[in-house]
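Work the whole structure out from these sequences, hints included.
If you're matching them up, the sequences are chains X and C in order. Quick note: the first sequence, position 27, residue 27 per this note's numbering, numbers continuous. Quick note: the second sequence, position 163, residue 163 per this note's numbering, numbers continuous.
Treat each hint with caution, since some may be false.
Identical copies carry no separate label here, and so any pair may be met within one copy or between two of them.
[Stated by the list, open to error] Once the Cα atoms are required to be at most 20 Å apart in a straight line, the calculated SDA-like pairs of lysine to any residue come out as:
hint, residue 1, residue 2
1, Lys283, Thr257
2, Lys212, Ser42
3, Lys63, Phe224
4, Lys294, Asp254
5, Lys319, Ala40
6, Lys150, Lys296
7, Lys150, Leu200
8, Lys23, Lys294
9, Lys270, Ser72
10, Lys150, Asn284
11, Lys57, Asn315
12, Lys167, Lys270
13, Lys205, Gly19
14, Lys73, Ala291
15, Lys332, Asp98
16, Lys287, Lys310
17, Lys102, Asn70
18, Lys129, Asp251
19, Lys150, Met302
20, Lys102, Ile71
21, Lys299, Thr257
22, Lys328, Pro293
23, Lys150, Lys299
24, Lys287, Phe224
25, Lys313, His41
26, Lys57, Asn128
27, Lys69, Asn276
28, Lys202, Ala291
29, Lys193, Pro323
Hints in this document: simulated from the structure, not taken from any laboratory. Predicted, not measured: the structure shown is a model, and the values here were computed from it.
2 protein chains.
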Amino acid sequence: MANAKKLINLINRIFVSRGLSPKHAMISAKALINAELVGAHSHGLSRLKMYCDRIDKKVINPKPKIKIKNISKSISKIDADNSIGFVAADIAIKKAIDNAKKTGIGLVGVKKSGHYGLSGYYAEQATNKNLVTMIFTNAPPAVAPHGALKSLFGTNPICFGTPTGSKIPFILDTSISMINRGKIRVAARNNKKIPEGVALDKNGKPTTDARKALQGVQLPIAGFRGSGLAWMVDILSGVLTGGNHAGKVKDPFDDFTGPQNIGHLFFTFKPNLFVNDYNKRIKNNIKTIKALPKIKGIKEIMYPGQNKFKRLKINSRKKINIPSNIKKDITKLVSKNTILKY
Amino acid sequence: MANAKKLINLINRIFVSRGLSPKHAMISAKALINAELVGAHSHGLSRLKMYCDRIDKKVINPKPKIKIKNISKSISKIDADNSIGFVAADIAIKKAIDNAKKTGIGLVGVKKSGHYGLSGYYAEQATNKNLVTMIFTNAPPAVAPHGALKSLFGTNPICFGTPTGSKIPFILDTSISMINRGKIRVAARNNKKIPEGVALDKNGKPTTDARKALQGVQLPIAGFRGSGLAWMVDILSGVLTGGNHAGKVKDPFDDFTGPQNIGHLFFTFKPNLFVNDYNKRIKNNIKTIKALPKIKGIKEIMYPGQNKFKRLKINSRKKINIPSNIKKDITKLVSKNTILKY
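Now the structure itself:
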């Protein structure tokens, strides 16, 4: 069990010891611990060792020269120089926010980035600045295109965020895979089974064994529809930006033969472009939907992001539980760390 | 059986007899027949009587004063004055294309519109002009939000289109409902069953009876994920634009108490904003995915829009089959039509 602030500082120092600037290390540490606090453990501390390994093996650049080029006042492109994904995404969403604040609309394409954690974490930066946002990123092969026997698409999340006129933003951050790859990884690590109907083994047979699923194929949501959405995300984040695509994004845990070169796309705009009472309208929208008759056993109809926000509130007051295998990782990472010895 | 060109002219004259300008009538007739030619019969001639009824009952305005206001060189808003949806959408996508051609990016919000047929039909206008596009529209209640016992979201399609460097654009046009409401309507009309697991009856029980499904609830794809995507589309097309939302869009077939006030959002941008070899990149993307090993029985991995394009090619050479009930509709609509008597 550990205090969130202390953990952030510890991870910050681990990243600094790996050569990241204090600023980049802090951005990364905060993003990782946020994932823990919202309950997305698959995107939290369980990835710390992977990020450090990739820096050690020189496939994440700890001292990136990130290039930002403005195509217009609304549109910018970023070459992240193989930075850790958190830093590339943080710079990109801030640029997209600036552009939208100036012109009403912002579009930022990023190439040569890596896994950046949760899309919703960046969406929240935009909603906090009273902007609507859509965010796309691709990921290593996990889901088979409809009709194919081999995985190629990543879990390619679709992320949409909007302010709601209340403290809790509407943030949809949904993988187009039946199950998040990170969740399968956590299940494999903890010897737990995965649900039926979400994955096939390497021979194309349904499986509930997490380890077999990692070697096999995850199924897209809704067959050809989900496959089409995954393809869309691959085009928007990879083909369009100059990032890797069509299955070329390397698995960050298993493949150290080169940088991931993930692409991201950040789209932002003001909510009051077409109406002058957006806050009132979205409040009414949510209120109307929440007032619908509910299925037996459902206490409240929740909008996307609401549960995550509640978990963040609750968990921020508690200590973070660190599984023993991750504790070992952290101990090793710290002991390797000469700066921390002093 | 009828020739497509002749049918377009016939429908054009029917719409003109209802008070539409020749230009608006032709836009509408072409969109309706395109739906037939791509095999989307639920969005074709089966809706002709509905459109005419709505004009007759003054809930579609045949002589709209459509107002276009430029918010910036990239962003425009349109008040469609309760025009037939085809016309509002046609003006909007052309505006979004113009804006993107000028500034790299276009965003057009439309309110006071109606059902416009297939989103993909408008996406194709953008891809034909070498632009990438995303299009959102809401629709009358059909799908229950996750946890709710009552339908509220429309089938709210997500549409994405991009040029491919070949003749056939990539056009994903996918409802977030397990089944298209129009398809249930066609099944009900033809006394056919619908698949299992796509709809509930009015008591919340699974049904394969198309008529019972129309009184009940359609299920979203992928549970809470699909429900979240439907909610996103309702916000983007309804809350944002000034259109109806949160279940207020009227069913065009059943509810003549007022205009639908559907909202649409058209987003367009140039494919070469971030890279200078987009066509080459997307060709490679598609080629790589098509070359994957295939599931037994699958001849070719198709990208979204490819099948529809093939059907259009084939059907354009053939005559259109008109079911007898629709033939009766057309005969009545023509006989009511004083202009056609001369």
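Of all the hints given earlier, name the ones this structure violates by number, lowest first.
1, 3, 4, 8, 11, 13, 14, 15, 18, 21, 22, 26
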